[in-house]
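> The primary structure of each chain is shown beneath.
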Amino acid sequence: MNRNARLYLLTVSVVGLGIFFILHFGDRLPAPPSPFSTESVARSSLNVTAVGDSSFFASLESSLRQNGANPLSRLFLQLLIIVSASCAVGWTFTRFGQPAVVGEMIAGILLGPSLFGLLAPNIFQFVFAASSLDALRLFSQIGVCLFMFAVGMELDVSQLRHKAQTAIVVSHSSIVIPYFLGVALALFLYSYLAQPGATFSAFALFMGISMNMTAFPVLVRILRDRGLFKSPLGSTATACAAVDDVTAWSILAFVVAIARATSATSMGGATFRLGLVLLFVALMLFVLKPNLPRWLGKSALDRPEPDKIVLAVVVGVVLLSALCTELIGIHALFGAFLAGIIMPNIGGFRDNLVVRVENLSSVLLLPVFFAFTGLRTQIGLLNQAQDWAICLVIIGVATLGKLEGSALAGRLTGTKWRESLQLGALMNTRGLMELIALNIGYDLAILSQRIFTMLVLMALFTTVMTGPLLTLFEKRPRVARV
Amino acid sequence: MKRTAQLYLLIVSVVGLGILFILQVGSKLPAPAPALSTQSTAQHTQQITYASDSSVLGSVKSGLWQNASNPLSRLFLQLMVIISASFLIGRLFTRCGQPAVVGEMLAGILLGPSLFGLLAPNIFQFIFAASSLDALRLFSQIGVCLFMFAVGMELDVSQLRHKARAAVVVGHGSIVIPYFLGVTLALFLYSRLAQPGASFIAFALFMGISMSITAFPVLVRILQDRGILKTPLGNTATMCAAVGDVTAWSILAFVVAIARASSVGGAAVSLGLVLIFVALMLFVLKRNLPAWLRPALERDEPGKGALAVVLGVVLVSALSTELIGIQALFGAFLAGIIMPTAGGFRQKLVVRVESLSSVLLLPLFFAFIGLRTQIGLLNGGRDWLICFGIIGVATVGKLGGTALTARLVGMQWRESFQLGALMNTRGLMELIALNIGYELNILSLRIFTMLVVMALVTTVMTGPLLTLFGKRRLMPSTMSEAVAP
Numbered sequence: 123m124n125r126n127a128r129l130y131l132l133t134v135s136v137v138g139l140g141i142f143f144i145l146h147f148g149d150r151l152p153a154p155p156s157p158f159s160t161e162s163v164a165r166s167s168l169n170v171t172a173v174g175d176s177s178f179f180a181s182l183e184s185s186l187r188q189n190g191a192n193p194l195s196r197l198f199l200q201l202l203i204i205v206s207a208s209c210a211v212g213w214t215f216t217r218f219g220q221p222a223v224v225g226e227m228i229a230g231i232l233l234g235p236s237l238f239g240l241l242a243p244n245i246f247q248f249v250f251a252a253s254s255l256d257a258l259r260l261f262s263q264i265g266v267c268l269f270m271f272a273v274g275m276e277l278d279v280s281q282l283r284h285k286a287q288t289a290i291v292v293s294h295s296s297i298v299i300p301y302f303l304g305v306a307l308a309l310f311l312y313s314y315l316a317q318p319g320a321t322f323s324a325f326a327l328f329m330g331i332s333m334n335m336t337a338f339p340v341l342v343r344i345l346r347d348r349g350l351f352k353s354p355l356g357s358t359a360t361a362c363a364a365v366d367d368v369t370a371w372s373i374l375a376f377v378v379a380i381a382r383a384t385s386a387t388s389m390g391g392a393t394f395r396l397g398l399v400l401l402f403v404a405l406m407l408f409v410l411k412p413n414l415p416r417w418l419g420k421s422a423l424d425r426p427e428p429d430k431i432v433l434a435v436v437v438g439v440v441l442l443s444a445l446c447t448e449l450i451g452i453h454a455l456f457g458a459f460l461a462g463i464i465m466p467n468i469g470g471f472r473d474n475l476v477v478r479v480e481n482l483s484s485v486l487l488l489p490v491f492f493a494f495t496g497l498r499t500q501i502g503l504l505n506q507a508q509d510w511a512i513c514l515v516i517i518g519v520a521t522l523g524k525l526e527g528s529a530l531a532g533r534l535t536g537t538k539w540r541e542s543l544q545l546g547a548l549m550n551t552r553g554l555m556e557l558i559a560l561n562i563g564y565d566l567a568i569l570s571q572r573i574f575t576m577l578v579l580m581a582l583f584t585t586v587m588t589g590p591l592l593t594l595f596e597k598r599p600r601v602a603r604v
Numbered sequence: 100m101k102r103t104a105q106l107y108l109l110i111v112s113v114v115g116l117g118i119l120f121i122l123q124v125g126s127k128l129p130a131p132a133p134a135l136s137t138q139s140t141a142q143h144t145q146q147i148t149y150a151s152d153s154s155v156l157g158s159v160k161s162g163l164w165q166n167a168s169n170p171l172s173r174l175f176l177q178l179m180v181i182i183s184a185s186f187l188i189g190r191l192f193t194r195c196g197q198p199a200v201v202g203e204m205l206a207g208i209l210l211g212p213s214l215f216g217l218l219a220p221n222i223f224q225f226i227f228a229a230s231s232l233d234a235l236r237l238f239s240q241i242g243v244c245l246f247m248f249a250v251g252m253e254l255d256v257s258q259l260r261h262k263a264r265a266a267v268v269v270g271h272g273s274i275v276i277p278y279f280l281g282v283t284l285a286l287f288l289y290s291r292l293a294q295p296g297a298s299f300i301a302f303a304l305f306m307g308i309s310m311s312i313t314a315f316p317v318l319v320r321i322l323q324d325r326g327i328l329k330t331p332l333g334n335t336a337t338m339c340a341a342v343g344d345v346t347a348w349s350i351l352a353f354v355v356a357i358a359r360a361s362s363v364g365g366a367a368v369s370l371g372l373v374l375i376f377v378a379l380m381l382f383v384l385k386r387n388l389p390a391w392l393r394p395a396l397e398r399d400e401p402g403k404g405a406l407a408v409v410l411g412v413v414l415v416s417a418l419s420t421e422l423i424g425i426q427a428l429f430g431a432f433l434a435g436i437i438m439p440t441a442g443g444f445r446q447k448l449v450v451r452v453e454s455l456s457s458v459l460l461l462p463l464f465f466a467f468i469g470l471r472t473q474i475g476l477l478n479g480g481r482d483w484l485i486c487f488g489i490i491g492v493a494t495v496g497k498l499g500g501t502a503l504t505a506r507l508v509g510m511q512w513r514e515s516f517q518l519g520a521l522m523n524t525r526g527l528m529e530l531i532a533l534n535i536g537y538e539l540n541i542l543s544l545r546i547f548t549m550l551v552v553m554a555l556v557t558t559v560m561t562g563p564l565l566t567l568f569g570k571r572r573l574m575p576s577t578m579s580e581a582v583a584p
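Going down the list, the sequences are from chains Z and P. Numbered according to our numbering, the first sequence spans residues 123 to 604. Numbered according to our numbering, the second sequence spans residues 100 to 584.
One should not assume that every hint holds.
[Stated by the list, open to error] Cross-link-like lysine to any residue pairs, in silico, SDA-like; alpha carbons within 20 Å at most:
hint, chain 1, residue 1, chain 2, residue 2
1, Z, 352, Z, 541
2, P, 160, Z, 393
3, Z, 430, P, 180
4, P, 403, Z, 216
5, Z, 430, P, 324
6, P, 160, P, 221
7, P, 403, Z, 210
8, P, 403, Z, 276
9, Z, 430, Z, 416
10, Z, 420, Z, 473
11, Z, 538, P, 103
12, P, 329, P, 511
13, P, 329, P, 562
14, Z, 538, P, 213
15, Z, 430, Z, 474
16, P, 160, Z, 396
Because the hints were derived from the structure by calculation, they are not lab data.
Put together the whole structure using the sequences plus the hints.
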C-alpha cells in the first residue's frame, strides 16, 4: 500500500512538472494565423462577450449576468421557477381536497402577466424574455404531445366494447348538448369577442368544442382519490369519459381542418384535408395496429424491461404519427394520441411505457405547458363588469350543458337520478384538456385573447367545482329535478 | 337496447340540425371589429402565412410545405431522421459485435455535412435549416444534461471507498500519462490547428483532456455484453473508469474555468465558486436529501412530489454551474452523484429519466456533433497524417499508461493490457468534452473533426483489442509494439 502511494505521488508529480514545463515553453509559440474561412464569422458573436471591466466585483457580476442570459441557463431558470411553483401550488390544493392538477393550472396563470408580471414586471421580463418564448413553446408542445401519447395509452379501447352502448349514448349526448349550447352562445359573442379575421363557423365550432371537453386523466384521478374507481359509477364514468375523449378529439381535429381551410378560402382544401385525416387514421388503425406487435417482437413485449431498441421503435412511431398530423394541418398532438391508442396492450407493455414517458413529461414538461398558457392568459383584460358577466355566463352555460346533458342522458338510459347527477358532475371536469384545445384555437387565430382568458377561467372553475358537486350529490339521496 | 338506439339517433339528429341552423344564421352576423389592442400584432404573423392559391392540389401542396416548416414539425422531422438513422446504423454495428453507441455516433456524422450534406444538399438544407439549429442545440444540451445526471447516478461513490486505493492509482495514472502526451502534442499542433484567439495554455489543457477521457457508460456496456462485468477484471475496470470519470470531469471543469476567464483573478474566482458549490452539494445537500425525500424512498413508486424535488435539484445544480461559467452538465453530473442510493431509489429514477432522454434527446446531440464535423476539411494527406498521429498518441497514452500503472500496482500483464484497452474507450464522453472546447473557441473546426474521428476509432478499437489481449497468454513487455496503430 505504501509502495502504491509512493508510486502515485511519483507519477503525478513527475508528469505534473512535465505539463507545467510544456505550458511554460509553449507560451512562446507563434499564435495560430488569422482566420481563412467562414467559420470565424459564424462564431464571432461568441467572441465579443468578454467585456473589459475594471472593478473585480463588477466583472464578476457582469459575467454572471451574461451567463444567466444565454438560452440554456434561461431555460433552466424558467423550468426551475415553473416546476417549483406548480409543485408548491399543486401541493397546497391537494390539502384542500382538490386534484393537484388544478393547483398546477393556477400556478401557470399566476406566473403569467396576471400576477407575476403585474407585481414584478422587471423580473418577469428577465425570466420570460420574449426571445426565449420560442424555445419554451416548442418545449411545451412536446410535453403536450408526450402527455397525449400517455393519455391514449391509458384508454383501453378493447375493454370498452363490452359496455359500449350505454357509454356511447351518454357520452355522445353529453357532447352534443353542450356543443349546441356553445354554438348558440357563439351567436351572441361573435361580434364582440372573436379574433378579427375569424369566420363565424370556425368561432362557433370552437366555442362548441370548448364547452364539451372532458379531462379523462383528471376524472380518473378524482375517482381514484375518492375510492370510486372500481364502483359501478366509476366504471360508467370512465367508459363515458373515454368515449367522450375520443369523440371530442375527433371533432376537434375535424374543426381544425375546417377552420384552417376556410382561411385559405377553398372548400376543396377542407374536404381534401379531411380525406387525408381519414386515410391516416385508417392506416394507423388497420395497418399499423395489427402489425406493431410483430415488429416489436414477441420477446420484447414479454420482457419486464423494454430495451432501447423497442423504445426507439415506439418513439419513432409517435414521432411519425405526430409529424403526419402536423403535416396534414391538424395539430401534432392528435397523432401522438392516436399512437398511444394503437400501442399493443400485452403483458403490461403499456405500463412499462407509461412509467418511462409519463413521469418526466408530467413533472417537467406539462407545467411548462401550463405556464405557457398562463403567459397568454391576461386576467387584466377583463376590466369591465360586462366582461365578467360574460365570463360568468360562459361558466354557467358550460356547467349546465355538460352536467345536465350527461345527467339527462344517464337518466334516460336507466341510471338513477343521484348517480346520473354524479356522472354529470364528473363529466364537467375540463381540466387541462380544455387548455390544450383553447391553445389550438388561439394559435389558429380564432379566439381573441379576451375570450381565451374567459375560457381558461371557465376551465379552472368547472374543474374546481367537480369535487364539491360530487360530494353534494352524494349526500342527498333525492335531488329535486332542478 | 332498441330504445337506446332510437334515443341516440333522436338526440344527435335534433341537436345536429340545431347546430347547422345556428351556423347558417350566424354567418350573417357582423364580423368582429378590427383589433383595438396590441394583441393583433402578436397574432399577425400567423395569419399572413396563407398564400392564396388557385388550384386545390396547389393549395394542398403549399399547405403541406408550410406545415412542414413550422418549428414543431421541423423538430419532429429532424428527430425522425436522426432516430431512424441512429437506429439502423446502431443495429448494423451491434451485428458486427460493436456497441450500439458507435453506430449512433457514426450516424450523427453521416447526417452532417460530411455525407448527407454532400450527397443531397437541398434536402439537407431543408431538414437542418439554419433557423432550426438553435432549438436543436438547446434540446441536445438538455439531453446531455439528463444523460450526465444518469451517468452520475450510475457511479456509486460510496462503494468505491472499500477498495479505492488501487483504483485511484490506476485511474489517475491512466489520466496523467495521456494528459502529458496530449499537452506535448499541443506543442506541435498549436500554431497550425488552434482556433485563432485561443491561448496556448487553454489549447494544451484541452488537448490533454481529450486524450484522457474514458466513457464510463460505454465501458460498462461492453463489459456487460461480454459477460465479464462481475469478474475481477470487470470490477477493477469499472472502478478505475469511475475514478477516471470523476477526475477527468473535475479537470475539465477546472480547464473551462481557466479558459473562460479573461484574467487570472477571474479564473481564481470561478474556481473558488466551483469549490464552494461542490462543497455545498457534497456536504450540505447530500446529507439532507434523504430526509427531504424520506417518504418517497420507502415507497415502491416515487411520487410526483419526489420526482419534482429531484428535478428541482438537478435544475438548481445545472443552473448554478452554468452561472459560474462552467457548463450546466457538470451540475447535472454532480446532482446525479449526490442522489440517495437507499432502496433502489436511483434505479427508479434512472428508469424514469434515462430511457426517454437516451432515446429521444441524446441522438440529437450526436447529430448536432455531426453537423459540426466536416470530414471534408481534412483534405490534405498531411491532415490525415496528423489525424493518425493523434489517434496513435491517444491510444499509446491511454492504453499504455493504464497498462503500465496497472502492472506496477501488481496486476498481470495480460489483464493490465485488457484494462488499458477498456480505458481507451472514449465514446460519447469525448464528444461532450470536444463540443465544450469548440464552443469555448479553443478548438478549430479541423482539429475538432480530427478529434471526433479519434474518438470514433478508439471506441471501435476496444472490442477487437480486448479479444486480442484476451487470447494471447503472454505479451511482450514493450507496449509500443503492441499498440502501434
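> Could you run down the list of hints and mark each one as holding or not?
Hints versus structure:
With a CA separation close to 15 Å, the supplied pair residue 352 of chain Z and residue 541 of chain Z stays within the 20 Å bound. Of the pairs offered as hints, the one joining residue 160 of chain P and residue 393 of chain Z holds, with about 14 Å between alpha carbons and a cut-off of 20 Å not exceeded. About 17 Å separates the Cα atoms of residue 430 of chain Z and residue 180 of chain P, which keeps this hinted pair within 20 Å; it holds. Taking the CA atoms of residue 403 of chain P and residue 216 of chain Z, the gap is near 13 Å; set against the 20 Å cutoff, the hint holds.
In summary, the hint linking residue 430 of chain Z to residue 324 of chain P is supported, as the alpha carbons are separated by about 14 Å, within the 20 Å threshold. Note on residue 160 of chain P and residue 221 of chain P: the hinted pairing holds, with a Cα-Cα distance of about 18 Å set against a maximum of 20 Å. The suggested pairing of residue 403 of chain P with residue 210 of chain Z holds, with an alpha-carbon distance near 12 Å, which does not exceed 20 Å. With a C-alpha separation of about 18 Å, the suggested pairing of residue 403 of chain P with residue 276 of chain Z holds against the 20 Å cut-off.
The hinted pair formed by residue 430 of chain Z and residue 416 of chain Z meets the criterion: a straight-line CA distance of about 17 Å does not exceed 20 Å. Between residue 420 of chain Z and residue 473 of chain Z the CA atoms are separated by roughly 16 Å; this keeps the pair inside 20 Å, and the hint holds. Straight-line distance between C-alpha atoms of residue 538 of chain Z and residue 103 of chain P comes to about 16 Å, which keeps the hinted pair within the 20 Å bound. Under the criterion of a C-alpha separation no larger than 20 Å, the hint pairing residue 329 of chain P with residue 511 of chain P is consistent with the structure, at around 18 Å.
For a cut-off of 20 Å, the pair hint linking residue 329 of chain P to residue 562 of chain P stands: about 18 Å separates their Cα positions. The hinted pair formed by residue 538 of chain Z and residue 213 of chain P fails the criterion: a straight-line CA distance of about 70 Å is larger than 20 Å. The suggested pairing of residue 430 of chain Z with residue 474 of chain Z holds, with an alpha-carbon distance near 12 Å, which does not exceed 20 Å. Between residue 160 of chain P and residue 396 of chain Z the alpha-carbon distance is near 15 Å, which keeps this suggested pair within the 20 Å criterion.
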